[in-house]
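Trainee: Given the coordinates of chain A, work out where chain B with the ligands should sit on it, guided by the hints.
Chain order of the listed sequences is A and B.
According to the working numbering, the first sequence holds residues 1 to 327 in order.
According to the working numbering, the second sequence holds residues 1001 to 1279 in order.
Fair warning: there could be bad hints in the mix.
[Unchecked claim] Covered stretches of chain A, going by a simulated chain B footprint (3 or more residues, C-beta under 8 Å):
#	stretch
1	220 to 228
2	313 to 325
[Claimed, not checked] The following residues of chain A were derived to be distant from chain B, with all beta-carbon distances above 10 Å:
#	residue
3	E3
4	A149
5	R171
6	A182
Hint data in this document are derived by calculation from the structure and do not stem from the laboratory.
Quick reminder that beta carbons are idealized off the backbone N, C-alpha and C, glycines included.
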Amino acid sequence: MAEHVLVLVTAIEAGGPLRDADGEALGAAQALARERGCEVACALIGADVAAAATEAAERGAGLILTADAAGLAAFDGGRSVTIAAEAVGRAEARVVLIPRGPDVLELAPRLAARLDGASVVGATEVRTASDDVVAVAAVFGGAARAEYAFRAPGPHVIGLAPAVAEVPERRPGRSAPAVALAIPEADGRVRTIEAAPDVSGPRLEDAKLVVAGGRGLQDGENFALIRELAQALGGMPGASRAIVDDGWASFEQQVGLTGKIVTPDVYFAVGISGASQHMAGCANARCIVAVNTDPEAPIFTFADYGIVDDALDVLPALVRLARERGA
Amino acid sequence: MPTADASGGGLHIVVCAKQVLDPDGVNSFAFWGRLQVGGDGRSFDTGEMVPRIINAYDEQAVEAALRIRDARVDCRITVVTVGDEEAGAILKRCVAMGADDAVQIVDAAAGLGDGFRTARLLAGLIAELGDVDLVLCGRQGSDYDQGTVPAALAERLGAALVTMSAGVAVEGGTLRVVRVTPRGEEVVRATLPAVVSISNEIGTPRYPSSRRMMQARRQRPERREASDYEGAPGAVGVEVTRLMVPDVQGHCEIIEGGSAAEKAERLMAQLHERGLLGG
Ligand SMILES: Cc1cc2nc3c(=O)[nH]c(=O)nc-3n(C[C@H](O)[C@H](O)[C@H](O)COP(=O)(O)OP(=O)(O)OC[C@H]3O[C@@H](n4cnc5c(N)ncnc54)[C@H](O)[C@@H]3O)c2cc1C
Ligand SMILES: Nc1ncnc2c1ncn2[C@@H]1O[C@H](COP(=O)(O)O)[C@@H](O)[C@H]1O
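One chain only, chain A, in its complex shape:
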């Protein structure tokens, strides 16, 4: 076999299709493979990956590697890393791209360390430079970006940020050779004893409209106004970390670097200063509306529309208008 640029997709749920992020990774891999004069391989690790495998081939992967087992529907630490390491070997990959998702932060550096390689996560750009790849990622919560060169003998493992590339078009009927990867025993050193709540309701990450509040709300009770406006507009409430830390909102509602990354059509930032770590979670909204008493607040440099006024006066007015519209 020859070198491939490998896309590594883990935790595929039973029969699930590829997610947008997976398709974007295939797109990014294709660009790199073209420059390296090789093909794209796609490893699919999960429970019942047949549908995803077909789609990966139809979206241009020239080699499919699969690991199919019920227990792999969720990322399984050391076991997933072992399977991924075999995929890297089979694909003779020097460059491994991992689509964005909650597991990348663990998978990328572990896989790299195991194979004497190196990793960068959150890459907004991956390009070829003098025969090797260079990755660019946000640092200091987004206040700056760093360009990374790879110095390790092993593979270059890169976790991708959203929207690094277009999803390649699907050519129905296109197929590729498929290889089944060995599935080791679960490593048993880390076992889940109480699972996270099975939330099946709407996800903040998918919301078309988000109303987020920050410390400018003055008091925890006023977060109710954020919830009311979100509800009246058919959206979901969000929060800055400052007020999650204060207990005014829950961790699941936090937007930002260490919270959720949202991409709604409209993002209301109410009483939020606009720290880079917060913007890391909402900068890709189509339209940002800022409500803040301080006309110098950094949020206004990111916003499309701004209201310089007291959140506690503006919110009730917005709630009333939104309800009138809805009625």
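Mentor: For chain B with the ligands alone, kept in the frame of chain A given last:
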């Protein structure tokens, strides 16, 4: 790392702590458009204007270790850092909080952003200490936001890894760890030896008393050189070759009006006109 010895001798916990530029200071510079890259092309030119502090998550990792001790687990807590000559300063705060010992590895290549190198040096030190059962890290450095070290360290040590922890308890020779996931909290059990990374959900770290601060100021951390553990100087994993500060061009339309209600009304009209409010 040896396997845990629950039968006496106590638990040896190592906390890894990193010195970083105060992120609030960096934010302020960015706010005022004064954040600039220095002559080397890969660090900020903020000089002494932005202080260097302990990575906040690492202070919380020290707190996590102390809570294990609070739960009456017999343990020894050693804080370690890899950095330049000045980096050892953060260890004093950890000792003042309650850590027993402090070790600094002085590494001239510490500014390259190479977590793989750092993990190698830390693994060398931990092997030398010999009896380490549990390593606590922060979830990520607030400088490069990568979270490389805990994962790379676990692989090097052949230890269990649990990331994103909001609480760690030792129960009969194993760990019970509460994890923060995008769906909410989960609980896992992990065998020792283990590496656990701590997230901010663990809560506010304790504040050292001024008496303890005074005492800690006099305690010198033990010193090691990078060359004690690592032959090749320079990056072994990745290297930051260039730092860039984005130029944010504001394009905000400020909605004017005589009252909050009037502004709200004009805003809603705008959003509606642009078809941004759905149906
Ligand atoms: C490593 C790291 C990770 C982080 N991750 C995140 C993250 O994921 N998400 C996140 O949000 N933050 C994160 N932060 C914190 C971030 O840096 C900021 O501290 C935080 O976002 C500030 O929250 P805030 O805007 O609500 O509060 P503040 O910064 O205190 O801002 C409050 C704003 O409200 C305005 N205001 C005051 N009164 C009123 C009023 N009556 N009406 C309207 N406006 C008013 C003020 O002018 C001010 O602009 C992180 C920080 C670090 C170091
Ligand atoms: N230079 C260092 N010295 C000691 N611990 C470190 C160092 N760099 C990283 N760590 C640990 O690894 C965690 C993740 O950091 P990073 O991999 O740099 O994002 C930190 O929170 C620390 O606990």
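Trainee: None of the hints should be skipped; say for each whether it holds.
Mentor: Comparing the hints with the structure gives:
no., hint, result
1, 220 to 228, "violated (count 0)"
2, 313 to 325, "holds (count 7)"
3, E3, "holds (21 Å)"
4, A149, "violated (5 Å)"
5, R171, "holds (33 Å)"
6, A182, "holds (19 Å)"
The earlier numbered hints that this structure contradicts are 1, 4.
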